[in-house]
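Chains as they are written, first to last, in the working numbering: chain A, 121 to 488; chain B, 18 to 96.
One should not assume that every hint holds.
Chain A regions said to be covered by chain B (calculated; three or more residues, Cβ under 8 Å) [as the list claims (entries may be wrong)]:
#1 251 to 265
#2 286 to 295
#3 314 to 328
#4 396 to 404
Derived DEER-like restraints, expressed as beta-carbon distance ranges [unchecked claim]:
#5 A:G363 to B:D78: 33 to 43 Å
#6 B:A56 to A:G363: 44 to 54 Å
#7 B:C49 to A:L381: 23 to 33 Å
#8 B:A56 to A:T362: 47 to 57 Å
#9 A:K198 to B:A56: 35 to 45 Å
#10 A:D380 to B:C49: 25 to 35 Å
#11 A:Q454 to B:D78: 14 to 24 Å
#12 B:G50 to A:Q440: 39 to 49 Å
#13 A:E393 to B:C49: 18 to 28 Å
#14 A:T365 to B:L63: 36 to 46 Å
#15 B:G50 to A:E426: 17 to 27 Å
If we take Cβ atoms under 7 Å as the criterion, some of the chain B residues that face chain A in the derived model are [claimed, not checked]:
#16 T44
#17 V70
#18 E82
#19 I84
#20 G88
Keep in mind the hints are simulated off the structure, nothing from the lab.
Idealized CB from N, CA, C, for every residue including glycine.
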Amino acid sequence: MKLKYSFLLLFIACSEVRTSEQALDLTISPKLEIKMGESGNASHLDFVSSTLNDSSFLILNKFSRSIDTVKLSGNSGKISIGSPIPFEGPNGIEIINYFQEYNDEIAFVDNNTIYLPGLGEVDRLKINSFNSSQFEGLLSIANVNSQNKVISLLNEKDKTGYFFLLNVLSRNLKLSVLDFNKKEIDLLDFEVSEKLDDHIILNQGKNAAITNPYYPNLILKEDKLIVSYPFVNQIQIYFIKTGETVSISPETNLYKVEKDLPQPILSEISFKEYSKISGDWQDDVLFGPIMEVGTNYFRFIRGELEVEGGLIYMELFNNQFEKISEVNLSAIQQDLGMYYIPIGNRIFVKAKSQSNEDILNYYMISLD
Amino acid sequence: MSKKKMKKLILSLGLFALSISAFPCDTEWNACGADDVVAMIEDIQLNCGAGTVTTIIDLCDGGHEYIVEMGITDPNSGG
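The shape of chain A in the complex, shown without the other chains (with noise of 0.2 Å):
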């Protein structure tokens, strides 16, 4: 039996405050689960995923090194197990970060390496070899939506990729093109947050700094690059023609709106010390990445694990990123977890709990 709920949902957009209603026809299927113990993936891991069309994704199988579809049928789903992926020889790839199609194949990312499908041999473009004199440095590829790792960052037509790029030794982080034609790097005319180098916990060592998961979340639509932030609920459209940016704080009566701002490390401390900080930032509410539905674009919230549990919240916008509606979705299922990925006109959502790693439990969203 589905459990079907009618909002009549109170929405504020941008800084200005005004009300409307729109009712929300929301459903969410019972407790769906797929085998995946033949593949030999595990459930209760983190997904590196790609949107694939509106009835499968691909995820990345860390046990058989191999891109997975997996397919939904109604209620039912099942895996298929993709081909081995070389580490070594013409088709070899290192390190899998993240992958997205490209060309009818695969292309995959890793730190500081893109790996294009070729004739017979992967092009692997290192970013360190690229021309880049507005940003010089040792570059890295900033990992983003971390929630999913699902990137559509390659734009196959323009031969182009798009990155938040740091400089590893500055610690400046960029949002920039890579142009794989040229291997040129510009970088474009957007400043992140203001509030991005608050959130940032660093304990700098000798050679090394340890952060936590600061990084912005990252998708590209077309003509835009749509910015949003794990610690704060501001959201940046950034129009890649005109290189205007847009920002939005899209207000809320359910959840906070930032996370508290960490303690600062002013003098060298115990990891033990640093695990603390870091690990109660990371405990505070969550802002998962932007992702398209439909023709809208919506996003996942977690509340604060010690004070909520985590309770699971969604945020809808319609394409002009004016906000629809938000829901507390763990009012109606306590089992999401934060783990979603849209297919379609509907969002998968991992369960919470896995209780067998064989087995994959997850829930449908649908979005009437």
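Based on the hints, put chain B in the right spot on chain A.
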């Protein structure tokens, strides 16, 4: 060791089932507990070069993450 236990071990350590030819910098490791995380940070500092960024996820502490960004070693640091 059974297939199931091997799978859990391998995945828990964040290592790939197939052989790897180099130390896995610039990627994501799974750890269990503070001692494991500290040991991994030391391994990263010994084996990963400047410019690498490696993420450690402590599966036994709520999935807390530690991002290790390697800079340039100070020749006078002894570290």
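Hint check:
| no. | hint | in the structure |
| --- | --- | --- |
| 1 | 251 to 265 | holds (count 5) |
| 2 | 286 to 295 | holds (count 4) |
| 3 | 314 to 328 | holds (count 4) |
| 4 | 396 to 404 | holds (count 4) |
| 5 | A:G363 to B:D78: 33 to 43 Å | holds (42 Å) |
| 6 | B:A56 to A:G363: 44 to 54 Å | holds (46 Å) |
| 7 | B:C49 to A:L381: 23 to 33 Å | holds (30 Å) |
| 8 | B:A56 to A:T362: 47 to 57 Å | holds (49 Å) |
| 9 | A:K198 to B:A56: 35 to 45 Å | holds (39 Å) |
| 10 | A:D380 to B:C49: 25 to 35 Å | holds (27 Å) |
| 11 | A:Q454 to B:D78: 14 to 24 Å | holds (22 Å) |
| 12 | B:G50 to A:Q440: 39 to 49 Å | holds (47 Å) |
| 13 | A:E393 to B:C49: 18 to 28 Å | holds (20 Å) |
| 14 | A:T365 to B:L63: 36 to 46 Å | holds (41 Å) |
| 15 | B:G50 to A:E426: 17 to 27 Å | holds (20 Å) |
| 16 | T44 | holds (5 Å) |
| 17 | V70 | holds (4 Å) |
| 18 | E82 | holds (5 Å) |
| 19 | I84 | holds (5 Å) |
| 20 | G88 | holds (6 Å) |
This entry satisfies every hint, going by the numbered hints stated previously.
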